[in-house]
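Residue numbers (the numbering used here), protein chains in the order written: chain A, 1 to 288; chain B, 1001 to 1440.
It is worth saying that the hints were derived from the structure and are not from the lab.
Just so you know, not all the hints are guaranteed correct.
[Said to hold, decoys possible] If you want the ones that stay clear, here's a sample from chain A, every Cβ over 10 Å from chain B, calculated:
| id | residue |
| --- | --- |
| 1 | Phe8 |
| 2 | Glu11 |
| 3 | Phe62 |
| 4 | Arg90 |
| 5 | Leu102 |
| 6 | Ile121 |
| 7 | Asp177 |
| 8 | Tyr214 |
| 9 | Pro218 |
| 10 | Ile263 |
| 11 | Gly266 |
| 12 | Pro282 |
| 13 | Thr287 |
[What the hints assert, rightly or not] Derived, one-sided and incomplete: chain B residues facing chain A with beta-carbon distance under 10 Å:
| id | residue |
| --- | --- |
| 14 | Lys1033 |
| 15 | Ala1046 |
| 16 | Thr1165 |
| 17 | Gln1168 |
| 18 | Pro1223 |
| 19 | Arg1254 |
| 20 | Lys1257 |
| 21 | Gln1259 |
| 22 | Lys1278 |
| 23 | Ala1282 |
| 24 | Gly1386 |
No residue lacks a Cβ here, since even glycine has one placed at the ideal position from N, Cα and C.
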Amino acid sequence: MSEVFDIFLLESVLNGLLLGGLLALLSLGLNLIFGVIDVVWICYAELIMVGMYAVYYFHVVFGWPLLLAMLMGILIVAMAGAALHYFVIRPVLAAEPINQLLVTGGVLFFLQAAATLAFGIEFKNLGVTFPPIVVGDISFSMPRLIAFVTALAGMLGMYLFLTRTYIGTAIRAISQDRTIMPLMGVNPNRIFLVTSALGGGLAGLGACLLVLQYDIHPAIGLSFGPITFLICVLGGLGNMVGGFIAAFIFAQFISVGGFFFAIEWGYVIAFLFFIGMMFWRPQGLFTK
Amino acid sequence: MNHRDTCGRFCARALVAAIAAVGFASFAHAQQKEIKLGVIYDYTGAFAAGGSAAAGIGTKAAIDMINERGGIEGYKLKATYADAQSKAEVAINEMTRLLDQEKVDIVMGVFSSAHCVPMAQQMDARKKFFWANVCVASAVLKDKKLQYVFRPQVHSDQFGEASCTFLQENAKAKLGKEAKDLKVAVIYEDGPYGAGVASGNEAKCKSLGMNMVLKEGYAATSPDLSSLITKLRRAQPDVILHTGYNPDITLFWRQAKEQGLKWSALIGHGAGYGQYDKLREAFGKDAEFIYNVDPVAAQLLDPKSLKPGLGDITKEMIKRYTAEIKDRKVDEIPPHVSMGFNQSWILFTDVIPRAIKKYGGIDPEALRKASLETDIPVGGTIQGYGVKFFPPGTPMSGQNERSSPVVMQYIGGDTKIVWPAAIKTADPVLPLPKGHTYAR
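Chain A extracted, bound-state conformation (with noise of 0.2 Å):
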């Protein structure tokens, strides 16, 4: 068998599924408060990366079983989402888009600067760490397929959310034409409200899944958010489905790639191919 096919090669394609879901997940929040409000978080990743310490320090600090940490790390990230947005975003709503990105990235910075200060510069973690899981001469990593999982959970609990509730139908319409809705008696500020708690509940999410497997430090989301806004772009901005195809079409390239030639070479191949998407389809891959 082996003489034939490489196993590690396999192995290889595997991870790359489950770091796929891991990105998914990651990308699915940010493509819905573009997708709805029509302005880039830039500070996407620092929003989990206070998931992270809240899962930390309720867990860890308090001492509250993780589930329940988790849950209220979640909780914290979708009413920062919720803040983020009455606070700062509302303002400038009607500002150009350059400006939109400038005071998103201005919180990023504010944020990464409020993390040090608040929880110092010392790497956190659970000091939980996971067996691997074993299938012949494969081995898988457990908080992946977790995260995995979730993803695709995810995804499907958006689209029945989107598409089976009032405020998911009142969303979906409010991205597709904002100055027609009001008239029909949705208020827009409500549901951005609702979507970017929503959406801050999703990098609340995707914190969870990320605590399990990497140090809590404050520039913890410059490992995360390029890559993320990546996939967004890659997959169309604000479009959902896109940036979950993407996610896993990227992680395809990190982990193939990284198994044929050096690691870093599958993240200038997946680069490469990102550039080369952005002359082909600017609009984004998935987008009409």
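Following the hints, position chain B against chain A.
Below, chain B without anything else, positioned relative to chain A:
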């Protein structure tokens, strides 16, 4: 003589006395000469917890202690501390600010080699004196012909050589293999620091005939190392030689466990591997038996092996560090504290006094000449090594030719020196004992 006259004369005298006192104080103040130091470390960002902040505390302790002892030859040390924020561009901007606005006489400190390489070249081009405390990349000085840059610290080639020599000396006795049969993998963060140590690893291990099955770098901020681990699982090295900072090291260990990677030994090289308390916090018992190559943490050395009085200096350094960072066991104190302190102490007690006495001041030329005359024998610093700088015209001019790292291992919750044999405090545990998470 009425009351008014008495008061008038008394008040006039008092006024004269007061003016004289103020004048004398001002004169004395004007006479108090200063050496302006620009101290650059990463006090925030990813490098801060990887050892930079600890080194900063060590350097500050040395500066405070010198000032409390009356300064150096009539000069007080006046330090301006700058935060490089773990970003090379910020480090360079801060260096420029310190030189042009603060008008410092010496720039010192610097944790990251990625910051050190460009800073050293810019400092030298401006003929300003730069004293590198912590950064280790050989590339800072190698073939650069710098004249005003000096580094008493160990350099990365030595890191790479130490781990391979340690393996060669223990392969047969501990692993039951000749060195040439040993399969070694080298993985590293791909900045100047990691790349420098890795090329030292590669050159030395290959020269000893070892079988290099994988050598690969990665970005320290990489969010995923699973393909690297898959390749390591395929290559099945006996020993992994790893150089990295902090988040990438813990990510590697976590993913290695999740993907079932096993080894006989893993030897780390400084930075994140010097932070035993953090490793233990993250991995518990799994952090047992990790090796770390680094300049030795001074508190681990027997003071009797050093010049008399240095043991007390180390104690004072530790006292000041633990006053700042509470609840830390002495043998958990990272070696970066010693690096920050020791190199500063060498500058303040050997180089600067000679520059003032023999060369008449603290200008870059005087400091350069005084540095080139430094001749401290082995045992003459708190970290044990001596100091003599390679002279101009040699490939590593400005580098301390007497510096040397040690190989340490975390055994039973303590840090032990396992190499070189002359100063070892424990026998290395090699290979990993059965039952250990990463044991084969």
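Handout entry: Least C-beta distance between A:Thr287 and chain B, which was stated to exceed 10 Å
Key = Correct as stated: the minimum Cβ-Cβ distance to chain B is 26 Å, above 10 Å.
Handout entry: Minimum beta-carbon distance criterion (10 Å), B:Gln1168 to chain A
Key = With a closest approach of 27 Å, the B:Gln1168 hint is violated.
Handout entry: Whether A:Ile263 stays farther than 10 Å from all C-beta atoms of chain B, as the label says
Key = 5 Å, violated
Handout entry: Given as non-interface: A:Pro282, partner chain B, CB spacing beyond 10 Å
Key = 26 Å, holds
Handout entry: Supplied contact hint for B:Pro1223, tested at 10 Å Cβ to chain A
Key = 5 Å, holds
Exercise for the section: Grab the minimum beta-carbon distance between A:Asp177 and chain B and tell me whether it stays above 10 Å. Expected result: 37 Å, holds
Exercise for the section: Compute the least Cβ-Cβ separation between A:Glu11 and chain B, then decide whether it is above 10 Å. Expected result: 5 Å, violated
Practice task
Using Cβ atoms only, decide whether B:Gly1386 comes closer than 10 Å to chain A, and label the hint accordingly.
Solution key: B:Gly1386 check fails; min Cβ-Cβ to chain A is 34 Å, beyond 10 Å.
Practice task
Return the status of the interface hint for B:Gln1259: holds when the least beta-carbon distance to chain A is below 10 Å, violated otherwise.
Solution key: 4 Å, holds
Practice task
Go through the hint on B:Thr1165 and say holds or violated, using the shortest Cβ distance to chain A against 10 Å.
Solution key: 27 Å, violated
Handout entry: Least C-beta distance between A:Phe8 and chain B, which was stated to exceed 10 Å
Key = 5 Å, violated
Practice task
Report holds or violated for the interface hint on B:Lys1257, using the least CB-CB distance to chain A and a cut-off of 10 Å.
Solution key: 5 Å, holds
Against the hints set out earlier in the document, violations occur for numbers 1, 2, 6, 8, 9, 10, 11, 14, 16, 17 and 24.
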